[in-house]
Amino acid sequence: MISSKKIKSALISVFHKEGLDEIIKTLNKLDVKLYSTGGTQKFIEDLGVKVTAVEDITGYPSILGGRVKTLHPKVFGGILARRENDSDKQQLQEFAIPEFDLVIVDLYPFEATVASGAAEQDIIEKIDIGGISLIRAAAKNFKDVVIVPSQAQYGDLYKVLTECDGATTLADRKTFAKAAFAVSSHYDSAIFNYFDNDQGNALRISHDNTKILRYGENPHQQGKFYGNLDEVFEQIHGKEISYNNLLDIDAAINLIGDFDETTFAILKHNNACGLASRENLTEAWNDALAADPVSAFGGILISNKEIDLATAEEINKIFFEVIIAPSYNKEALDILKSKKNRIILVLNASKMPTVLNRTLLNGVLSQQKDLKTETADDLKTVTTLEPNADEVEDLLFANKLVKHTKSNAIVLAKNKQLVASGVGQTSRVDALNQAIAKAKTFNFNLEGAVMASDAFFPFPDCVEIAHFDGISAVIQPGGSIKDQDSVDYCNQNGMKMVLTGIRHFKH
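For the sequence shown, the numbering used here gives the first residue as 63, with consecutive numbering after it.
By construction, these hints were calculated from the structure, which means they are not laboratory data.
There may be inaccurate statements among the hints.
As the list claims (entries may be wrong) - Below, a list of computed lysine to aspartate or glutamate pairs in the EDC-like style, where the Cα atoms sit at most 20 Å apart:
id, residue 1, residue 2
1, K478, E448
2, K468, E453
3, K502, D349
4, K79, D108
5, K431, E448
6, K240, D250
7, K442, D550
8, K202, D234
9, K568, D432
10, K413, D312
11, K402, E341
12, K87, E225
13, K68, E225
14, K221, D432
15, K202, E173
16, K401, D432
17, K286, D312
18, K205, D234
19, K413, E173
20, K434, E448
21, K70, E80
22, K95, E84
23, K70, D227
24, K442, E453
25, K188, D250
26, K95, E161
27, K188, E80
28, K236, E146
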């Protein structure tokens, strides 16, 4: 078998023409015979390059409004014929079928059409039939045929044409074939997901963009990210983002999305160690930092407002890995860029997934994202005393935080400031004790603070401990058969409790 093959003929049928002109001109210089159809044929002719219409070899015009153009044995025979198979060669001669050494395809933009909100009939018409068939046929016969399956591979083809004088090796063709099956499988996944409409009858996840990370969670583990991070944020400064950075960035973006007021948050290992909402951004930063200045070291910072000069000057006093904000003024950016490795991200207004998938055992666990954010209307007061307006505000604030905190979780808050949290404990009592101990470490007065729990209290022990340290109001989902025990204790000791009916486990 001859590994290196010279391209002598090409079939071209593409949607996106950008970047194709130089390829066409180069093929023409290499005396490659061109075949095409429809708009691509006209594009080639407008370049002054000779091209044979596909219908001239099939004997059939484009029919059914363009739905059928290339689906014909004289096209697919020329792609699928095995060049070293005598029987195949004989049949090509018998039926006057030309060989195609190169097939260039760019599919109808199905995903873009869906994203545009187009009507169903318009979406259906963007399901490519001939193009996807050409891709699969040419990729299957990679030993003899070069397949360029999308505009993304135009550059790779141009490099082969110009640097190798139109000759490809078997390794070249196999690489193009791999890209072709990636394109075809992604395309079919997108079509299935459109028809499935989040019903979850099967799971098809496909991402074209692969980012090789320095390593995974630990240096001895490999790490990759599949997806387009540019849709979510723009990195304007700093070192390469790591696997652990991405986990924290994801947690930070999801957390800040639940806050409308001017808010600053500090995260470490996916949990908030500081967060405050204030009228002034610098005050929000200072109060967020006050919750745990020790854990803030090397943390992830995020704000939902533009970073100004005064805030940047304060932030710059500590070491942190990443800062995320919708924008930065110039003076603030100059200060933040003073550390060369500091990762600075501009958060885009992007649509985040509403379904979460996690590999587990020999399969994938899938669930809807926890998109519930309670409001005052969701609160049911179950104690004799009702929380006042300020306490309700703090209860809702704490509840947003506990929703984004590793279970078992307890959050203590006061005046829209995270006072302390107990994170990822095996018992709710341990989580509360951890939070109280941390609050005392940083000299917080818990008198008048509120407590949020991600799940119900099976016993009244947590409200007893909270009351002892001055906590005045509690928010929790309820649902325990012993809910009344906790309510009774609150009534007997002048505490207030509201139930949401919504649990916020996070594992």
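Results for each hint:
1. Of the pairs offered as hints, the one joining K478 and E448 holds, with about 19 Å between alpha carbons and a cut-off of 20 Å not exceeded.
2. About 24 Å separates the Cα atoms of K468 and E453, which puts this hinted pair outside 20 Å; it is violated.
3. In summary, the hint linking K502 to D349 is supported, as the alpha carbons are separated by about 16 Å, within the 20 Å threshold.
4. Taking the CA atoms of K79 and D108, the gap is near 12 Å; set against the 20 Å cutoff, the hint holds.
5. At roughly 31 Å between alpha-carbon atoms, K431 and E448 are farther apart than 20 Å, so this suggested pair is violated.
6. A hinted pair counts as satisfied when its Cα atoms are at most 20 Å apart, and K240 with D250 qualifies at roughly 16 Å.
7. Distance check on the hinted pair: K442 and D550 sit about 16 Å apart at the alpha-carbon level, within 20 Å; holds.
8. Straight-line distance between C-alpha atoms of K202 and D234 comes to about 14 Å, which keeps the hinted pair within the 20 Å bound.
9. For a cut-off of 20 Å, the pair hint linking K568 to D432 stands: about 9 Å separates their Cα positions.
10. Among the hinted pairs, K413 with D312 is consistent with the structure: their alpha-carbon atoms are about 13 Å apart, no more than 20 Å.
11. Between K402 and E341 the CA atoms are separated by roughly 31 Å; this puts the pair beyond 20 Å, and the hint is violated.
12. Under the criterion of a C-alpha separation no larger than 20 Å, the hint pairing K87 with E225 is consistent with the structure, at around 15 Å.
13. Between K68 and E225 the CA atoms are separated by roughly 13 Å; this keeps the pair inside 20 Å, and the hint holds.
14. As the CA atoms of K221 and D432 are separated by approximately 47 Å, the hinted pair breaks the 20 Å bound.
15. Between K202 and E173 the alpha-carbon distance is near 25 Å, which puts this suggested pair outside the 20 Å criterion.
16. For a cut-off of 20 Å, the pair hint linking K401 to D432 is broken: about 36 Å separates their Cα positions.
17. Note on K286 and D312: the hinted pairing holds, with a Cα-Cα distance of about 15 Å set against a maximum of 20 Å.
18. As the CA atoms of K205 and D234 are separated by approximately 10 Å, the hinted pair is consistent with the 20 Å bound.
19. Proximity of K413 to E173 is assessed by CA-CA distance (about 15 Å); at most 20 Å being required, the pair is judged to hold.
20. Straight-line distance between C-alpha atoms of K434 and E448 comes to about 23 Å, which puts the hinted pair past the 20 Å bound.
21. Note on K70 and E80: the hinted pairing is violated, with a Cα-Cα distance of about 23 Å set against a maximum of 20 Å.
22. Simply put, K95 and E84 have alpha-carbon atoms about 16 Å apart, close enough for the 20 Å limit, and the pair holds.
23. The suggested pairing of K70 with D227 holds, with an alpha-carbon distance near 11 Å, which does not exceed 20 Å.
24. For the hint linking K442 to E453, the alpha-carbon distance of about 14 Å falls within 20 Å, and the restraint holds.
25. Of the pairs offered as hints, the one joining K188 and D250 holds, with about 12 Å between alpha carbons and a cut-off of 20 Å not exceeded.
26. A hinted pair counts as satisfied when its Cα atoms are at most 20 Å apart, and K95 with E161 qualifies at roughly 10 Å.
27. Under the criterion of a C-alpha separation no larger than 20 Å, the hint pairing K188 with E80 is consistent with the structure, at around 19 Å.
28. With a C-alpha separation of about 18 Å, the suggested pair K236 and E146 falls inside the 20 Å cut-off, and the hint holds.
Violation of the numbered hints given earlier is confined to hints 2, 5, 11, 14, 15, 16, 20, 21; the remaining hints are satisfied by the structure.
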